[in-house]
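Number of protein chains: 2
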Amino acid sequence: MTGMAGGVPASRAVGRVFFTDAASGRRSSCSASVVASDSGNLLLTAGHCVYSRGWHRDWIFVPSYDQGKRPFGVWRAEWFVTPSRWITHGRPEDDVAFVKVASSGGVRILDRVGGNGIRPGAATGRRRTVLGYPFLPPYRGDRQHYCEGVTRSEGRRMRMACRLTTGASGGPWLDSYDRSTGFGYIGGVTTNTDLANTTLWSPLLGGDVWTLYRYADQLR
Amino acid sequence: MTGMAGGVPASRAVGRVFFTDAASGRRSSCSASVVASDSGNLLLTAGHCVYSRGWHRDWIFVPSYDQGKRPFGVWRAEWFVTPSRWITHGRPEDDVAFVKVASSGGVRILDRVGGNGIRPGAATGRRRTVLGYPFLPPYRGDRQHYCEGVTRSEGRRMRMACRLTTGASGGPWLDSYDRSTGFGYIGGVTTNTDLANTTLWSPLLGGDVWTLYRYADQLR
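Keeping their order, the protein sequence lines are chains E and D.
Position 2 (the first sequence) corresponds to 2 in the UniProt record's numbering; numbering is contiguous.
Position 1 (the second sequence) corresponds to 1 in the UniProt record's numbering; numbering is contiguous.
Calculated directly from the structure, the hints in this document are not laboratory data.
Any given hint could turn out to be false.
Identical chains blur together in the list; that is why a pair holds if it fits in one copy or across any two.
Only pairs whose alpha carbons sit at most 25 Å apart, straight line, appear in this in silico DMTMM-like list of lysine to aspartate or glutamate [unchecked claim]: (1) 100 / 217; (2) 69 / 194; (3) 69 / 142; (4) 100 / 175; (5) 69 / 58.
Using the sequences and the accompanying hints, generate a full structural model.
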């Protein structure tokens, strides 16, 4: 099932990211989500949303972005953390990153919009909800969209049938998504699609990713 | 003046381009326009819309793309031609390309939608119309937008005050744009914007570019 995240499963903890791409020098966009971390200022996104032949610049996160509206403000990246293998080899199974954002007016982003839980070791083969901001047709980047489906493992990645396009990269794959609260548990992150836009992929989030998460969360 | 190219200055000879980016491996989009060439199948676009650390793949042109509609069909690239300096040095003043597309059902694209004229040696300091398909906010890539203004030279480039965003790259800068026909004379091509999206840049289209044009037009 693919649809517009209006009313039913839209999440305040998911937002659109804007940045200047290091490879092209041009403005681009991705998706990201808030993690229910100790620091309260940690986001999950894709590795290529922070690093592509260099670190991206002027990186901002707009939770719950909707047709130009920024209901919970704009949050600036302070730190990027991605596996060193993503930088050295750029393989899709390492395409994950955490982003530390600055508090805004003394308020942590987690306290402003909430965040998704960590439950390391979650398996594939279960039903998940994918959220993000695709911007290529038939989407326009202007609002949050979602897919729901069962994930299948594929080597060190997993896949789900989903028609979201470029721009959905970095959006979360959530277990036990609660439509009333808009939160769930992090089970993956969108990194790739196929040419026909029928399938999305995520890395399997294993122990090395959660080690990276703990490292990222204590940066200050 | 910036506005939506609905009714007044929309051009059939300008379209949206979709391709798989060689640098990122992901689908992306640009703009391009048909040239009134002898071959009848030549487009003008930006260099980075065909080459970025490799030649882009699965490159299609949709003239007059409008909210998912493809009123004049989809045209596939057969050849890309860009200055060798764009490939070796990637400087913005060389960021231009010509694309030869395949006829569709025996019909040349120029015969289907028309094209903009060549008038080598046109100067800066004159009033021009810029057209394209910006997709970052406040735009959504779903329809043609335009700017009109006076161009100013800046080294080997020229600039114009214009708020179009990423995705407008490759769109034409036209002299003597005729709002009734939707055609003009090629005076430049959008290649860059600034972070605040207040200004666009184009290379100065000099003799070397028109030599490249003649080479591209005879490819078959």
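Check your understanding: Is the C-alpha distance from residue 100 to residue 217 at most 25 Å within one copy, between copies, in both cases, or in neither?
Key -> Answer is within; shortest intra-copy Cα gap is 7 Å, inter-copy 51 Å.
Exercise for review: Go through the copies and call it for residue 100 and residue 175: within, between, both or neither, with a Cα cutoff of 25 Å.
Suggested key: Only inside one copy: residue 100 and residue 175 sit 23 Å apart there, 48 Å across copies, limit 25 Å.
Check your understanding: From the Cα coordinates, with 25 Å as the cut-off, is the pair residue 69 and residue 58 best called within, between, both, or neither?
Key -> within (19 Å within a copy, 34 Å between copies)
Review point. For the identical chains here, do residue 69 and residue 194 meet the 25 Å Cα criterion within one copy, between copies, both, or neither?
Key: between (30 Å within a copy, 22 Å between copies)
Point to revise | Intra- versus inter-subunit Cα pairing at 25 Å for residue 69 with residue 142 | key: both (9 Å within a copy, 19 Å between copies)
Of the numbered hints stated above, none is contradicted by the structure.
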